[in-house]
Amino acid sequence: MTVEGKAAEMIAKHVSAISPKVREVPEDIVDIDYYQNKDILYLHILPYRSARLQEVSEDFFVCYDWDNPQQIVGFEIHYFSLLTELDDPLLEPYLEMRFDVVDSDLRQASLREILTWARQRFHNQPSVEPCLTSPLPEIESAK
Amino acid sequence: MDEVPIIPLASLGEAFQIFVGYVEGGILDFEGKRIEADFGDYTHVIHDENRIKRVSWIEPTAQEPDGVWLWRSRKPSKRQLDIRQQTYIKWIRPAKKEPPELFVLGVERLPTGRLRLRSWYSANNPEAELEKLGKGEQLYDRRRQGR
Numbered sequence: 088m089t090v091e092g093k094a095a096e097m098i099a100k101h102v103s104a105i106s107p108k109v110r111e112v113p114e115d116i117v118d119i120d121y122y123q124n125k126d127i128l129y130l131h132i133l134p135y136r137s138a139r140l141q142e143v144s145e146d147f148f149v150c151y152d153w154d155n156p157q158q159i160v161g162f163e164i165h166y167f168s169l170l171t172e173l174d175d176p177l178l179e180p181y182l183e184m185r186f187d188v189v190d191s192d193l194r195q196a197s198l199r200e201i202l203t204w205a206r207q208r209f210h211n212q213p214s215v216e217p218c219l220t221s222p223l224p225e226i227e228s229a230k
Numbered sequence: 003m004d005e006v007p008i009i010p011l012a013s014l015g016e017a018f019q020i021f022v023g024y025v026e027g028g029i030l031d032f033e034g035k036r037i038e039a040d041f042g043d044y045t046h047v048i049h050d051e052n053r054i055k056r057v058s059w060i061e062p063t064a065q066e067p068d069g070v071w072l073w074r075s076r077k078p079s080k081r082q083l084d085i086r087q088q089t090y091i092k093w094i095r096p097a098k099k100e101p102p103e104l105f106v107l108g109v110e111r112l113p114t115g116r117l118r119l120r121s122w123y124s125a126n127n128p129e130a131e132l133e134k135l136g137k138g139e140q141l142y143d144r145r146r147q148g149r
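So the sequence lines, in the order shown, correspond to chains D and V. The first sequence lines up with residues 88 to 230 when you count with our numbering. The second sequence lines up with residues 3 to 149 when you count with our numbering.
No lab work stands behind these hints, which were simulated from the structure alone. Hints are supplied without guarantee of correctness; some may be wrong.
Stated by the list, open to error - Distance condition first, Cα-Cα at most 20 Å in a straight line; then the derived EDC-like pairs of lysine to aspartate or glutamate:
{"hint": "1", "chain 1": "V", "residue 1": "K55", "chain 2": "V", "residue 2": "E129"}
{"hint": "2", "chain 1": "V", "residue 1": "K137", "chain 2": "D", "residue 2": "D152"}
{"hint": "3", "chain 1": "V", "residue 1": "K55", "chain 2": "D", "residue 2": "E145"}
{"hint": "4", "chain 1": "V", "residue 1": "K99", "chain 2": "D", "residue 2": "D154"}
{"hint": "5", "chain 1": "V", "residue 1": "K77", "chain 2": "V", "residue 2": "E139"}
{"hint": "6", "chain 1": "V", "residue 1": "K134", "chain 2": "D", "residue 2": "D175"}
{"hint": "7", "chain 1": "V", "residue 1": "K77", "chain 2": "D", "residue 2": "E179"}
{"hint": "8", "chain 1": "V", "residue 1": "K77", "chain 2": "D", "residue 2": "E172"}
{"hint": "9", "chain 1": "V", "residue 1": "K137", "chain 2": "D", "residue 2": "E145"}
{"hint": "10", "chain 1": "V", "residue 1": "K134", "chain 2": "V", "residue 2": "E103"}
{"hint": "11", "chain 1": "V", "residue 1": "K77", "chain 2": "D", "residue 2": "D152"}
{"hint": "12", "chain 1": "V", "residue 1": "K98", "chain 2": "D", "residue 2": "E145"}
{"hint": "13", "chain 1": "V", "residue 1": "K77", "chain 2": "D", "residue 2": "D154"}
{"hint": "14", "chain 1": "V", "residue 1": "K55", "chain 2": "D", "residue 2": "D154"}
{"hint": "15", "chain 1": "V", "residue 1": "K98", "chain 2": "V", "residue 2": "E5"}
{"hint": "16", "chain 1": "V", "residue 1": "K77", "chain 2": "D", "residue 2": "E145"}
{"hint": "17", "chain 1": "V", "residue 1": "K134", "chain 2": "D", "residue 2": "E145"}
{"hint": "18", "chain 1": "V", "residue 1": "K35", "chain 2": "V", "residue 2": "E103"}
What the hints assert, rightly or not - Under 8 Å between C-beta atoms, here's a sample of chain V residues computed to sit facing chain D:
{"hint": "19", "residue": "S13"}
{"hint": "20", "residue": "H46"}
{"hint": "21", "residue": "R53"}
{"hint": "22", "residue": "S124"}
{"hint": "23", "residue": "K134"}
This one's a predicted model, so the numbers in the text were calculated from it and none came from an experiment. Glycine included, every Cβ here is placed at the ideal spot set by N, Cα and C.
Please put together the full structure from these sequences, using the hints given.
So, in structure tokens, the structure goes:
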């Protein structure tokens, strides 16, 4: 990031801390999409962009800009309802990234907070209980 | 690396038609097993044009992969459900002058052996992807088959 870019980022964060309504520089905004049938949570950092993926921890994918492999443009979390631990050191740098969330009151929330919020929104379970959102007959019969 | 096959990308219209075929008839893999797909797999990545255009790579990767690995989860909750991950990879070029991409096809294997499509993507870091896969059980290696 350039010096100007870094300065703009710092100013934006400072301004947003004072009042979220007077931001002069747009913050990163994520749109969240949950695919219940496959239990996949998609977080798109707007605007939508094509991405190449990397699984940085089991079922936790980071989406990188197609033309800029250093720039993160989203996340994809498989078996989201089974995401029981957020203490994987490999996830730490991502979990501290901050975003506004479309269609929510979340502003400058850390990814960790957003995932907790998404769990409550899509599974209505504040505590961690492994489950599948749509139980599969094979799984039921295999128990 | 051996010569990398060229598989043209689909147009956005073609991609949808190809995917309809996957949903209706499934995707046959290298063992003739059927991988089930549904429209949600497609609609939830519709924002990603490059991913949609690579729908045309899904079946060739399943049928003639460079490698296939089977994974058992490290997560106790997932192990309890006995869901395993079957990952197919294939090096592909979209055109003669384009660089090769490591294309990854993620499939879940349910306890009954049923296969369901989960994801497809180009790896951002092919070396890391191959290193990760190497820790799983390799089911297929094209080089050993002499193909």
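Hint consistency between V:K55 and V:E129 [alpha-carbon to alpha-carbon, up to 20 Å]: violated (23 Å)
Hint validation: V:S124 versus chain D, beta carbon distance must be below 8 Å. Holds or violated? Because about 5 Å separates V:S124 from the closest Cβ in chain D, which is inside the 8 Å limit, the hint holds.
Answer holds if the nearest beta-carbon of chain D is closer than 8 Å to that of V:R53; otherwise answer violated. At 7 Å from the nearest chain D Cβ, V:R53 passes the 8 Å test, so the hint holds.
Are V:K77 and D:D154 close enough, with their CA atoms no more than 20 Å apart? Answer violated: V:K77 to D:D154 is near 33 Å, above 20 Å.
Satisfaction of hint between D:E145 and V:K77, Cα-Cα up to 20 Å: holds (9 Å)
Hey, V:K137 versus D:E145, does the alpha-carbon distance stay inside 20 Å? holds (12 Å)
Could you grab the alpha-carbon distance between V:K77 and D:E172 and see if it respects the 20 Å cut-off? Between V:K77 and D:E172 the Cα gap is close to 9 Å, so the pair holds against 20 Å.
Please work out if V:K98 and D:E145 have their alpha carbons no farther apart than 20 Å. Since the Cα atoms of V:K98 and D:E145 sit roughly 34 Å apart, the hinted pair is violated (cutoff 20 Å).
Minimum Cβ distance from V:K134 to chain D below 8 Å? OK, holds: V:K134 within 8 Å of chain D, min 7 Å.
Tell me if the straight-line CA distance from V:K137 to D:D152 falls inside 20 Å. violated (27 Å)
Starting from V:K35, check that the Cα of V:E103 is at most 20 Å away, please. violated (25 Å)
For the pair supplied as a hint, V:K99 and D:D154, is the alpha-carbon distance within the 20 Å limit? holds (16 Å)
Violated hints, in rising order: 1, 2, 3, 11, 12, 13, 18 and 19; the structure is consistent with all others.
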